[in-house]
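Engineer: Make a model of the complete structure from these sequences and hints.
Given next are the chains, with one letter for each unit.
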Amino acid sequence: MDLPLIFALVAALSVALYVLADGFDLGVGVLFVLAPRDRDRDIMMQSIAPTWDGNETWLVFGGALLWAIFPIAYYVLLPAFYLPIMAMLFALIFRGVAFEFRFQSGRFRWAWDYAFAGGSVLAVLAQGFVLGGFIGGVPVRDGVFAGGPFSWFTILGLTCGVGLLGGYGLLGAGWLIWRTVGSTQVFGREVGHSAVLLTAGAMLLVSAWTAITTPEVAERWFAWPQIMPLAVLPLTAASVFVLIWRNLWSGHEHRVFGLGILIFLLGFAGLAVSLWPYVVPRHATIWSAASDDSSLRFVGAGVLVVLPIVLAYLGHAYWVFRGKAAGESGDGDRDGANASVASRRSSSLDTSLHLC
Amino acid sequence: MDAVTLSRVQFGFTIGFHILWPAFTIGIASFVAFLSFLWWRTGRPVYGALMRFWIRIFALGFGMGVVTGVVLSYQIGTNWSGFSRAVSNVLGPFFMYEVLTAFFLEAGFIGIVIFGERRVGRGMHFFACLMVALGTLFSASWILAANSWMQTPAGYSIDGEGIFHVTDWWAAVFNPSFPYRFLHMVCASYVTGSFVVAGVSAYHLFRNQHLEASRLSFSMAMWAAFVLVPLQLYLGDAQGRNTLQYQPTKLAAIEGLWDSGSGVAATIIGWPDMSQERNLFEIAIPRAGSLYLTHSWDGYVQGLKAVPADDRPYVPIVFFAFRIMVGVGILLLLLAIAGAIQRWRGRLYTSRWLQLAAMAATPLGFVAVVAGWTVTETGRQPFVVYGHLRTAAAASPVAAGSVLFSLIIFVIVYTVLLLAFFWYGARVAMRGPEAAIEPQPNAVRPGLAQAGPALVGRGSTRPIFATGE
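For the record, the sequence lines run as chains A and B.
According to my numbering, the residues represented by the first sequence are 1 to 356, in order.
According to my numbering, the residues represented by the second sequence are 1 to 469, in order.
Simulated from the structure, these hints should not be mistaken for laboratory data.
Think of the CB as a built atom: it goes at the ideal place given N, C-alpha and C, for glycine as much as any other residue.
Treat the hints with care, as some may be off.
[Stated by the list, open to error] For each label pair, taking beta carbons as the anchor points, the in silico distance ranges come out as:
1) Leu304/A <-> Asp168/B: 19 to 27 angstroms
2) Gln245/B <-> Gly143/A: 55 to 63 angstroms
3) Gly401/B <-> Ala218/A: 31 to 39 angstroms
4) Arg118/B <-> Leu304/A: 32 to 40 angstroms
5) Ile309/A <-> Met430/B: 34 to 42 angstroms
6) Leu9/A <-> Arg44/B: 49 to 57 angstroms
7) Ala272/A <-> Gly327/B: 52 to 60 angstroms
8) Ile283/B <-> Leu304/A: 55 to 63 angstroms
9) Leu197/A <-> Asp2/B: 45 to 53 angstroms
10) Leu404/B <-> Ile309/A: 17 to 25 angstroms
11) Gly315/A <-> Ala360/B: 45 to 53 angstroms
12) Ile330/B <-> Gly315/A: 45 to 53 angstroms
[Claimed, not checked] To be clear about the criterion: a stretch of chain B counts as covered by chain A if any three or more of its residues have a C-beta under 8 angstroms from a C-beta of chain A, and this derived list gives those stretches:
13) 20-31
14) 76-88
15) 93-100
16) 106-116
17) 331-340
Structural biologist: Right, dumping it as structure tokens:
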């Protein structure tokens, strides 16, 4: 059995789950201060509050899994991206506590609004720089990182960051269209347009840039005959973008979210094609980076037994909190909720814009 | 300062800050699960009110624990790449198991605990509370197994490049100090939680408000303290004897003992002078050291001079942190006994000085936990993996400026966080259990509509802010 290969798939799965799960709640955070009214922000936060913690746990899982199965990626890449990772952690701190403190706060609620939105944006940008740096490759000498404190700052990283802002924003907008009603949903539909354009543009730029600057990548994509099957990826992505654009105002409210996930999976597949089989691009492959066989087996037993249970109860949590977040139109129960919100806050009725 | 020292300061600061929240949530999670069980089985409204009250406080602490914990899982790679390279085969799987068995369990059920009481039945809600409490305990066991392995490594071999390989997983997980450290830490968390509950309840008793709920929780907390504090002293003694066996240098630093010998004295207080290799201004009890360390009048105890000066920790920190921890332990023991006496005299709910003392004791558990961790971690120095890997060899090739920059931001951010927690936590705590919103009838249709009022209810700020605005 090829254990490193299997674990590469497990790691890819957990990164993909992280990007999708935390992607939409980071996306909701990115859109947070753009929302027109305080009331929308309440609903946006309510819609993700019960599950954000589980979503973010995939990030911790990814880190721990990396350390356990591909340690070189952990101890080379993390020092290489010291500052962006620290920035991401600070951002996630502010974002995370904003959930708790915003619900408790009165006059400082605007501060937690900014902490939540700013934290989300900063975390996404930091992830973009890490992704860009990862694609571009990090300087390694004698098995340790050999670059400077700012070698992570690249145009490619910035482009990735902008692309992720758009992509997560798209997922967030899709989530709002699916899980909210009324003006919050309309906001999701409206902001979806910019998100689609941003994501498509950045994906195009990153793909072109990688192909131009890295001969190995160009060789893999443009060589005959694999160009035929590989061309399916960009072509599908292009048509999915068109589909999203056309579905932003459709009555199939879950469709934008689903198609957004598809875009991420396609992007992910594209990355895998470009970087295969490296864990640290052009330095360590999944076979040379794997840890001891005994460690892999020990981890494997846990993943095999526990991960399905984890997925089951995380799914259960989503099931418990299914349905639309409290909206404006609808039955008496919702009106009751509205009344209690409105009576508590004077600002919930006016259109207090944070931005614009 | 160089990057190693800065990384040490940063890691010490971030983990010292983080440990406050697990110490808080381990105890409170079990308390909430207990209340949830009582509420499910008895249906007495006071249990429901208390449960909702403590869930609100728990949620704040839990959020802090999550966000400060994420930092640590990445900091091991960013700042200690030498360490993560050497021990990846051993500790990587430990951390992975912690996430898999503990963090996901907590994350999967915390939403139901906080927001879902009216979406699931009471039985299911209890189950969710139980899973969160179990998650905190699983988390503690994996992280303490990893930490204990660094203190007393077992079940491994080292290759020529200094990379550790596991030969026996059972021995590595259940390494010699793990059971002691685990019980000592979990008991510490329960004690800390007990005194937080006691302190908050005492505040309401003192103010003559929320009497039914506060009497109940005060009584529960004082019972717990009366059982747990003596137990904790016993567990601490057991861990001390384990340290004597496996980490004699650390123990010598704790005791401020320079010369090995039989029938050694117990140093009560003094100033351990590293350069003169003796204690200044020492007050000691002859032979008492051997008595409580080895449980024999003339047991042999190894001193600091038995190892080269390079292999000794910085003694004063270990020495004084230990005395702070034990001092707090004694204070809490006195308070627990005082509570039992007042209960026996039928004055548990009316004794004003006991209420004041309980309020004052609220933060003491945290002080003892941080002091205890300081003892065990600085006592392990100058090694990361005791006896094998030196801290200096464990650091990352990052620039000192980067670490200094992140350290400064950590200090600022964590201070802000702590202030915000005190601000909102105190508000929730002072509002009291009966300010909890009344349980509303469960609507037929599922949907977040029902969570709406619950969420907003948690933020009902009017009782305090109405006058100010």
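Engineer: Each hint: holds or not?
Structural biologist: Against the structure, the hints:
1. Between Leu304/A and Asp168/B the CB atoms are about 21 angstroms apart, so this pair conforms to the stated range of 19 to 27 angstroms.
2. Distance hint check: the CB atoms of Gln245/B and Gly143/A are about 37 angstroms apart, inconsistent with the given range 55 to 63 angstroms.
3. Evaluation of the 31 to 39 angstroms hint for Gly401/B and Ala218/A yields a pass: the beta carbon distance comes to about 37 angstroms.
4. A hinted range of 32 to 40 angstroms for the beta carbons of Arg118/B and Leu304/A is consistent with their spacing of about 36 angstroms.
5. Our hint of 34 to 42 angstroms for Ile309/A and Met430/B holds, since their Cβ atoms are close to 40 angstroms apart.
6. A hinted range of 49 to 57 angstroms for the beta carbons of Leu9/A and Arg44/B is consistent with their spacing of about 51 angstroms.
7. Here the CB-CB span from Ala272/A to Gly327/B is close to 58 angstroms, well matched to the stated 52 to 60 angstroms.
8. Against the hinted window of 55 to 63 angstroms, the Cβ-Cβ separation of Ile283/B and Leu304/A comes to about 59 angstroms, which satisfies the hint.
9. Our hint of 45 to 53 angstroms for Leu197/A and Asp2/B holds, since their Cβ atoms are close to 48 angstroms apart.
10. At about 43 angstroms, the CB distance of Leu404/B to Ile309/A disagrees with the hint of 17 to 25 angstroms.
11. At roughly 46 angstroms, the beta-carbon separation of Gly315/A and Ala360/B lies within the given 45 to 53 angstroms, and the hint holds.
12. Distance hint for Ile330/B and Gly315/A: a CB-CB separation of about 49 angstroms, consistent with the stated range 45 to 53 angstroms.
13. Counting residues of the region 20-31 of chain B whose C-beta lies closer than 8 angstroms to any C-beta of chain A gives 0; at least three are required, and the coverage claim is violated.
14. Counting residues of the region 76-88 of chain B whose beta carbon lies closer than 8 angstroms to any beta carbon of chain A gives 9, which meets the minimum of three for the stated coverage.
15. With a cut-off of 8 angstroms between beta carbons, the region 93-100 of chain B has 7 residues touching chain A; three or more are needed, and the interface restraint holds.
16. A stretch counts as covered by a chain when three or more of its residues have a beta carbon under 8 angstroms from one of that chain; for the region 106-116 of chain B and chain A the count is 10, and the coverage holds.
17. Counting residues of the region 331-340 of chain B whose CB lies closer than 8 angstroms to any CB of chain A gives 0, which falls below the minimum of 3, so the coverage claim is violated.
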